[in-house]
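Enquirer: So the protein lines, in turn, are chains G and Z. If you count the first sequence from 1, position 173 lands on 172 in numbering that gives the first Met the number 0, and the numbers rise without skipping. If you count the second sequence from 1, position 85 lands on 84 in numbering that gives the first Met the number 0, and the numbers rise without skipping.
Check before you lean on any hint, since a few could be wrong.
Claimed, not checked - Computed spacing ranges between beta-carbons, pair by pair: (1) 172/G / 164/Z: 46 to 56 Å; (2) 56/Z / 119/G: 37 to 47 Å; (3) 181/G / 194/Z: 32 to 42 Å; (4) 201/Z / 172/G: 39 to 49 Å; (5) 46/Z / 46/G: 34 to 44 Å; (6) 168/G / 208/Z: 18 to 28 Å; (7) 47/G / 135/Z: 35 to 45 Å; (8) 47/G / 56/Z: 50 to 60 Å; (9) 208/Z / 181/G: 21 to 31 Å.
Unchecked claim - Restricting the straight-line Cα-Cα distance to at most 35 Å, the calculated cross-link-like pairs of lysine-lysine (DSBU-like) are: (10) 194/Z / 204/G; (11) 223/G / 173/G; (12) 223/G / 139/G; (13) 127/Z / 204/G; (14) 194/Z / 158/G; (15) 158/G / 173/G; (16) 173/G / 194/Z.
Don't read these hints as lab results, they were simulated from the structure. These numbers come from a predicted model, not from an experiment. For each residue, glycine too, the CB sits at the ideal point set by N, CA and C.
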Amino acid sequence: MTTLPGILADLVDGVDAVFLFSPSGSYYERATEIEAETEVVVVAPENAVDADVFVELPLEFENVRNRITYGIEGAIERNLVDDGDEVACLTAVFGSDIDTVTRVRADADSHSGVYDLFVNSRAEAGVIRDVLEVAIELGKKGQKGKPVGALFVVGDAGKVMNKSRPLSYNPFEKSHVHVGDPIVNVMLKEFSRLDGAFIISDSGKIVSAYRYLEPSAEGVDIPKGLGARHMAAGAITRDTNATAIVLSESDGLVRAFKGGELVLEIDPEDY
Amino acid sequence: MQIDLDPAAELLGMVPPRFWLAAGVFLLSLVAGWLVGIVNRGILRRAGVPQAIEGTAIERTFQDLGSSTVVVLAKLSTYFVWGLGVIVALSVARVQVTAVFWTQAVGFLPQLFIATLILIVGVVVGDKVDLFVGERLRGLKVPQVSLFASLAKYTVFFVAALVALGQLGIAIEALLVLLFVYFFGLVFVGGVAFKDLLTSGAAGLYLLLNEPYGIGDRIRIGDRRGIVQEMDLFVTTVESQEGTEYIIPNRTVFRRGVVRVRE
């Protein structure tokens, strides 16, 4: 006689770790009472439940796949789980409470780089998050209701400046403003109607707008069908240690490139 | 001869008119004090005082007592007006016995009022400073930094107490000496400890304002050459061709001078 709880028990049978995505306090309390062999890892934007084992989410990934990949890659990176471990992920898909269980095998080889993008980039994780947020916001609302494209090159600004040339006067000349400041975010959105790339330093300082990137595009492998802006973004990240965040004008998606490869693709409408 | 006055009226007639005047003055002061209290409360509320002092220890203490700082301050002004009214009424009534005492009291009352006010403001500002400094240093995640917040708080308390005591005419010379020693120590130790940071900051101010070089420029400082990656108030980050990153204090940039390398 098969019962529904029985089927579900098969799903979580013998897992090495349980990942809780943004659990509530009481949920976490209950989970910690599971027997000792299963490790309980909390993955959330902030450690609200005071968990011992915690992986910080830089964004509330709306895409569950990204969310779980990020959590697992973060855990592998920090040796919380080993390659080949079976992991049960408990997360929320439809509501704000945990409503979904999936079983994933932690695989160190299938490296999507989502965790790398935030943690091991040259620029600070907070800066990358701030720029992503600007791009997402811009993608959602557009510039005065019209869809716009934008290209942000974050980190390794000195080299990027040497591999690009100005298209016109730099509006950020001799200004010392940083991304994440609400007023600066408005400025970035206003200037997004200009052509060219924004260049942002490791610490989040906006170095320049209106830059034409001239990297060598040799050996850049990005999906076919993406335009010149994405090609430039992929190429500059291959040539330097920068990370590029692109808002596509045609399909409205936000993409992040690192090391010449597409690392993350998110739909602004989901946020 | 046959005027048969009402006994009550007769009794009233015996009271000298200045007593009536005094009673009037007193009543007037009651009303005025009450009005001043209400107006003050309104002004303080309108000025956003409750929001500004929210969460400070003194506000919490008052709230535990079923009141709030604004109410207490308003009450204080009411009592002040009432006290003034009593004194004026007494002097109008020419109550001789207490004259000497009251003249002194009259001189003293405003000072007492101001001293109380200074104390309350001092405590509120001290608490606020404590909160502010604590908030700023929270990002450091070092438990010991709360010491700095308390230090700042008690400094403000101490100064407020000094000013209040001085207002009351109490000898505070010894405490003043203590204050000067404390501040001298602070400035001296701070000056020595932060010497490098201060000189770097001053140099950095010029560098940021005038930008003799910017991010992306090739420069040489001393024997270190490379591309400028980052500049802030205190340091300039230069990355060499081989990928070595030099973090150079702006003090050094000024002392050694900068060479801009142009192809």
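Enquirer: None of the hints should be skipped; say for each whether it holds.
Expert: Okay, the hints, checked on the actual structure:
no. : hint                      : verdict
1   : 172/G / 164/Z: 46 to 56 Å : 55 Å, holds
2   : 56/Z / 119/G: 37 to 47 Å  : 44 Å, holds
3   : 181/G / 194/Z: 32 to 42 Å : 36 Å, holds
4   : 201/Z / 172/G: 39 to 49 Å : 23 Å, violated
5   : 46/Z / 46/G: 34 to 44 Å   : 39 Å, holds
6   : 168/G / 208/Z: 18 to 28 Å : 19 Å, holds
7   : 47/G / 135/Z: 35 to 45 Å  : 23 Å, violated
8   : 47/G / 56/Z: 50 to 60 Å   : 27 Å, violated
9   : 208/Z / 181/G: 21 to 31 Å : 24 Å, holds
10  : 194/Z / 204/G             : 27 Å, holds
11  : 223/G / 173/G             : 39 Å, violated
12  : 223/G / 139/G             : 24 Å, holds
13  : 127/Z / 204/G             : 31 Å, holds
14  : 194/Z / 158/G             : 33 Å, holds
15  : 158/G / 173/G             : 19 Å, holds
16  : 173/G / 194/Z             : 27 Å, holds
Hint compliance for this structure: hints 4, 7, 8, 11 are broken, all remaining hints hold.
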